[in-house]
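Student: Protein chains in written order, with this note's numbering: chain A, 262 to 856; chain B, 183 to 501.
Note that these hints are calculated values from the structure, not bench results. Please note that the accuracy of each hint is not assured.
What the hints assert, rightly or not - Cut-off 27 Å, straight-line C-alpha distance, at most; resulting in silico cross-link-like pairs (BS3-like, lysine-lysine): (1) K716(A) x K665(A); (2) K274(B) x K598(A); (3) K631(A) x K509(A); (4) K489(A) x K274(B); (5) K489(A) x K185(B); (6) K389(A) x K609(A); (7) K210(B) x K727(A); (8) K649(A) x K665(A); (9) K609(A) x K359(A); (10) K654(A) x K451(A); (11) K437(A) x K274(B); (12) K601(A) x K185(B); (13) K609(A) x K680(A); (14) K609(A) x K533(A); (15) K235(B) x K489(A); (16) K598(A) x K667(A); (17) K235(B) x K426(A); (18) K435(A) x K235(B); (19) K745(A) x K274(B); (20) K533(A) x K319(A); (21) K649(A) x K389(A); (22) K672(A) x K660(A); (23) K678(A) x K665(A); (24) K509(A) x K210(B); (25) K274(B) x K742(A); (26) K415(B) x K742(A); (27) K667(A) x K435(A); (28) K847(A) x K531(A); (29) K210(B) x K498(A); (30) K483(A) x K210(B); (31) K411(A) x K274(B); (32) K235(B) x K411(A); (33) K780(A) x K598(A).
Next come the chains, spelled out residue by residue.
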Amino acid sequence: MSKRKWATAGAVLLSAFALAACGKSGSSDKSAAPESNVKLPSSYSAKGSASGNNSTLKLAEVNDAPFKGITLSVLQDNAEDADVYAPGGAEGLFNTDKNYKIVDGGLANQKLNRKDNTATITINKKAKWSDGKPVIAKDVEYAYEVLANKNTTSQQYSADFNRIKGMEAYHAGKAKTISGITYPDGQNGKVVKIQFSKLSPAMSYAGNSFIWGSVVPYHHIKNISIAKLASSDAVRKNPVFVGPYKLKSQVQGESTTWVPNQYYYGPKPKIKSITIQVVSTSNVTAAFKAKKYDFALGSLAGSQYPDIKKLKSYTIVGSPALSYGYLGFNLGHFDTKTGKNVMDKNAKMGNKNLRKAMAYALDLNSAYKKMYHGMSWQANTLLPPVFKKYWDKSNPGFKYNMKKAKSLLDKAGYKKKGKWRVQPNGKKLTIYFGAMSSNSAREAIYQYSLQQWHKLGLNVKMATGKPMEMNSFYSTIQAPKQNKIDVFSAAWSTSSEPTPTHLYGEDAPFNMGHFVSKKNTELMNNMNNEKAWNTNYRVKQFKAWQKYMNEEAAYIPDDFNYSFTPVNHRVKNYSTSPDDSFMWSKLQLTANSPK
Amino acid sequence: MWKTILRRVLIMIPELIVLSVLVFLLAKAMPGDPFTGSINPKADPAQIHHLMKINGLYDPWYQQYWNWVVHLFHGDLGMSYEYQEPVMDLIKQRGANTLWLAIFTMLLTYFIALPLGIYAGRHEGKWQDTVVRVYTYVTMSIPFFVVLVIGIWIFGYGLNIFPTSGSVSSTASGLGGTILSRLGHIILPGLLGALFGTVNVVQYLRSEVIDAKHSDYVRTARSKGVPMKDIYKHHIFRNSLLPIAAFAGYSITGLLGGSIFTEMVFSYPGMGLLFLNAINYRDYTVITALVLLYGFLNLLGTLLSDIILSVVDPRVRIE
Numbered sequence: 262m263s264k265r266k267w268a269t270a271g272a273v274l275l276s277a278f279a280l281a282a283c284g285k286s287g288s289s290d291k292s293a294a295p296e297s298n299v300k301l302p303s304s305y306s307a308k309g310s311a312s313g314n315n316s317t318l319k320l321a322e323v324n325d326a327p328f329k330g331i332t333l334s335v336l337q338d339n340a341e342d343a344d345v346y347a348p349g350g351a352e353g354l355f356n357t358d359k360n361y362k363i364v365d366g367g368l369a370n371q372k373l374n375r376k377d378n379t380a381t382i383t384i385n386k387k388a389k390w391s392d393g394k395p396v397i398a399k400d401v402e403y404a405y406e407v408l409a410n411k412n413t414t415s416q417q418y419s420a421d422f423n424r425i426k427g428m429e430a431y432h433a434g435k436a437k438t439i440s441g442i443t444y445p446d447g448q449n450g451k452v453v454k455i456q457f458s459k460l461s462p463a464m465s466y467a468g469n470s471f472i473w474g475s476v477v478p479y480h481h482i483k484n485i486s487i488a489k490l491a492s493s494d495a496v497r498k499n500p501v502f503v504g505p506y507k508l509k510s511q512v513q514g515e516s517t518t519w520v521p522n523q524y525y526y527g528p529k530p531k532i533k534s535i536t537i538q539v540v541s542t543s544n545v546t547a548a549f550k551a552k553k554y555d556f557a558l559g560s561l562a563g564s565q566y567p568d569i570k571k572l573k574s575y576t577i578v579g580s581p582a583l584s585y586g587y588l589g590f591n592l593g594h595f596d597t598k599t600g601k602n603v604m605d606k607n608a609k610m611g612n613k614n615l616r617k618a619m620a621y622a623l624d625l626n627s628a629y630k631k632m633y634h635g636m637s638w639q640a641n642t643l644l645p646p647v648f649k650k651y652w653d654k655s656n657p658g659f660k661y662n663m664k665k666a667k668s669l670l671d672k673a674g675y676k677k678k679g680k681w682r683v684q685p686n687g688k689k690l691t692i693y694f695g696a697m698s699s700n701s702a703r704e705a706i707y708q709y710s711l712q713q714w715h716k717l718g719l720n721v722k723m724a725t726g727k728p729m730e731m732n733s734f735y736s737t738i739q740a741p742k743q744n745k746i747d748v749f750s751a752a753w754s755t756s757s758e759p760t761p762t763h764l765y766g767e768d769a770p771f772n773m774g775h776f777v778s779k780k781n782t783e784l785m786n787n788m789n790n791e792k793a794w795n796t797n798y799r800v801k802q803f804k805a806w807q808k809y810m811n812e813e814a815a816y817i818p819d820d821f822n823y824s825f826t827p828v829n830h831r832v833k834n835y836s837t838s839p840d841d842s843f844m845w846s847k848l849q850l851t852a853n854s855p856k
Numbered sequence: 183m184w185k186t187i188l189r190r191v192l193i194m195i196p197e198l199i200v201l202s203v204l205v206f207l208l209a210k211a212m213p214g215d216p217f218t219g220s221i222n223p224k225a226d227p228a229q230i231h232h233l234m235k236i237n238g239l240y241d242p243w244y245q246q247y248w249n250w251v252v253h254l255f256h257g258d259l260g261m262s263y264e265y266q267e268p269v270m271d272l273i274k275q276r277g278a279n280t281l282w283l284a285i286f287t288m289l290l291t292y293f294i295a296l297p298l299g300i301y302a303g304r305h306e307g308k309w310q311d312t313v314v315r316v317y318t319y320v321t322m323s324i325p326f327f328v329v330l331v332i333g334i335w336i337f338g339y340g341l342n343i344f345p346t347s348g349s350v351s352s353t354a355s356g357l358g359g360t361i362l363s364r365l366g367h368i369i370l371p372g373l374l375g376a377l378f379g380t381v382n383v384v385q386y387l388r389s390e391v392i393d394a395k396h397s398d399y400v401r402t403a404r405s406k407g408v409p410m411k412d413i414y415k416h417h418i419f420r421n422s423l424l425p426i427a428a429f430a431g432y433s434i435t436g437l438l439g440g441s442i443f444t445e446m447v448f449s450y451p452g453m454g455l456l457f458l459n460a461i462n463y464r465d466y467t468v469i470t471a472l473v474l475l476y477g478f479l480n481l482l483g484t485l486l487s488d489i490i491l492s493v494v495d496p497r498v499r500i501e
């Protein structure tokens, strides 16, 4: 089940049946980071004339449950809704380059003025909703009202929005409007000015937590109370869109059907009709074999790759996913009074060498190759490679080295006494490992980890005897103070702006291992300080942080993965690259049905 | 009899109240909350607390329970946290899908199982009986999800005869078109469900027929020279149906239960998956509504079974 978009995507998305070993061993040089032994293209375009544009493009949304049917991205909390309404453009404001940096030419352009700390958003003059009404300044502003309203059902509010003047008062219900958001040429105009207390370099990237990246159709929803928006017909049954396609019909929870939006401001959409249908993970491979679909939205499971690879007349296209898995260590607690994480001096896992030894004892590279056939591979840092510029490719991470692991423990005083090693003070050492129940491939990796740690001489046990159900797992490690789990396996989906402060900061409740250090705070602050407007400087800070985090080993990078789909050989211009902002309108077909 | 029925219905009320309190408490006792895990890590975790608060999830349980009961009596089962839709709407949508499939499957099951049961009983010990028995044992012992996956693989993807996903085609239009499309979508799962779900009915009926065959009234009828065909039609069949009739009440109310496997393999949005996901994602409002609904249906089923039995079997009297 891929439902949980953010907290578990890495671990849970990769559902699987097969444990079959692939047996391929990729060659990798010794110094650099482990990489996947499979290289996937990030785009595909069929050759030949677009003679199939009058037919229907058939897409599969791979999911084991019906989608929920919330069309507005400001209210969505899951990936399925985002997928099945993707041809409608997700009300996206900005185009981006390969590194998710905001560039001109989208629904709106953004200009940051560091002198007076304002962001000016100028909407494309031709931009219209699919009902023919123009996109106006109020549409940009109202998105902030929806996500910050006191009674909203949106889960998107971030403390960073408080940098907008008047936002805090509005969020608390003390003000009726957000005073910092103004319209230089009127509410029905095309310009929005946002006054910040201070700009951040992160604001130049899509997916940042300061500037919301989508609009809402104010004219369409203004009469509905914000609390009831998500359940309203305007959002669920008769939505309007700004993208290249508009919704023709939908079967709630099952499928959506799209036709070109004649009012679209961008390149003219070429395909007469698009259908997106939910297909369960258990038969998506069979569905592609039977040529029922042209490509999938969302990602397929890595364990299905060997079968998908064999498909004739399909090419597998993929790119590293915006997610990664990690192992965290419980090093302290969260002080609810001060709102800060505190490291405990005497924490069981407090010794850096113990943590490092546990990391070096795992041959994750081989394990992932075997279980996920190159669709997941060992991660080297806590930043996924999709951020090409920021990811430190040269960092070797924790390459398997049992010898080193043992000597680290010996040196740190974790001597063997009988079967198991004991703490330097001679006391017994039992480490509790927490993990979420998942598919068989993932659980095999848990078992493998336990086995390796036992080889190392550490008495590591599953925290509750077996992998935990997701809710129990998170309520255990999210408790301000807990001693049931010492080391845990979890995963994050990240937004397209990579600043990790929300996950590893001193005051971040998501910093569930409670790792805090001056250097960590400093490095993360540097990512968005004044100097960080210079990209080279910013990149350096990100790389220094990745290096530092590996040195401290408070969180161990676990796995990166591909998000991939087969693409049928009748599809032209399919791309997964973030700079391909007009992909949906560029899509074409060279035949009337999947080849 | 009416008095008894009324009394039984009245007893249901305290039963349902106790059930609702239990369900309410147990649902809240599960670890976790409806929001953890779905929140964007960039968003403020304070937002989780905010959402918990505005949804009243921090209130003491009795207060939450009371609010819920008050709303219930206004016909409002609350909003689903997961789907952000009224629970009533969700149950209506999913319930309709589930009913379609379940009724179709049930009719098919009886259509296949009744003749088979009688046939096997009539030919007790002969090869015909063996064939039927082997068929029921084989179908019973194959896990149903395997049947579904193989079924969809052969008839859906391989031969391309049946639709493979959803409850209705996205292109279906008009009332007639929609109904036809819906029927098209339930034929394969319904047929598989029926073909592989006959064991209970067949075995019950078979043993009842065998019992009846050796009973005094059949012997008497035969000695009077009544033709075998008529004996089966008028004596054996009717009497053998009694235990099945007794089950009918349960089956009717069980129609809304849904089948998790079928719904998953065929991406068919029904009640089974709704319930499963509600539990997984701590969708409290949906959990309580569904458990209560199933509880009510179970009580109703028992009552219906008793009533049906008293109607078809003159020996049974409800006093």
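Student: Hint by hint, note whether the structure agrees.
Tutor: How the hints compare with the structure:
| no. | hint | verdict |
| --- | --- | --- |
| 1 | K716(A) x K665(A) | holds, 13 Å |
| 2 | K274(B) x K598(A) | violated, 46 Å |
| 3 | K631(A) x K509(A) | violated, 44 Å |
| 4 | K489(A) x K274(B) | holds, 19 Å |
| 5 | K489(A) x K185(B) | violated, 46 Å |
| 6 | K389(A) x K609(A) | violated, 59 Å |
| 7 | K210(B) x K727(A) | holds, 23 Å |
| 8 | K649(A) x K665(A) | violated, 30 Å |
| 9 | K609(A) x K359(A) | violated, 43 Å |
| 10 | K654(A) x K451(A) | violated, 42 Å |
| 11 | K437(A) x K274(B) | violated, 37 Å |
| 12 | K601(A) x K185(B) | violated, 66 Å |
| 13 | K609(A) x K680(A) | holds, 19 Å |
| 14 | K609(A) x K533(A) | violated, 62 Å |
| 15 | K235(B) x K489(A) | holds, 17 Å |
| 16 | K598(A) x K667(A) | violated, 40 Å |
| 17 | K235(B) x K426(A) | holds, 25 Å |
| 18 | K435(A) x K235(B) | holds, 18 Å |
| 19 | K745(A) x K274(B) | violated, 42 Å |
| 20 | K533(A) x K319(A) | holds, 12 Å |
| 21 | K649(A) x K389(A) | violated, 34 Å |
| 22 | K672(A) x K660(A) | holds, 19 Å |
| 23 | K678(A) x K665(A) | holds, 20 Å |
| 24 | K509(A) x K210(B) | violated, 41 Å |
| 25 | K274(B) x K742(A) | violated, 43 Å |
| 26 | K415(B) x K742(A) | violated, 73 Å |
| 27 | K667(A) x K435(A) | violated, 59 Å |
| 28 | K847(A) x K531(A) | holds, 7 Å |
| 29 | K210(B) x K498(A) | violated, 32 Å |
| 30 | K483(A) x K210(B) | violated, 36 Å |
| 31 | K411(A) x K274(B) | violated, 30 Å |
| 32 | K235(B) x K411(A) | holds, 11 Å |
| 33 | K780(A) x K598(A) | holds, 23 Å |
When held up to the earlier numbered hints, the structure conflicts with 2, 3, 5, 6, 8, 9, 10, 11, 12, 14, 16, 19, 21, 24, 25, 26, 27, 29, 30, 31 and fits the remainder.
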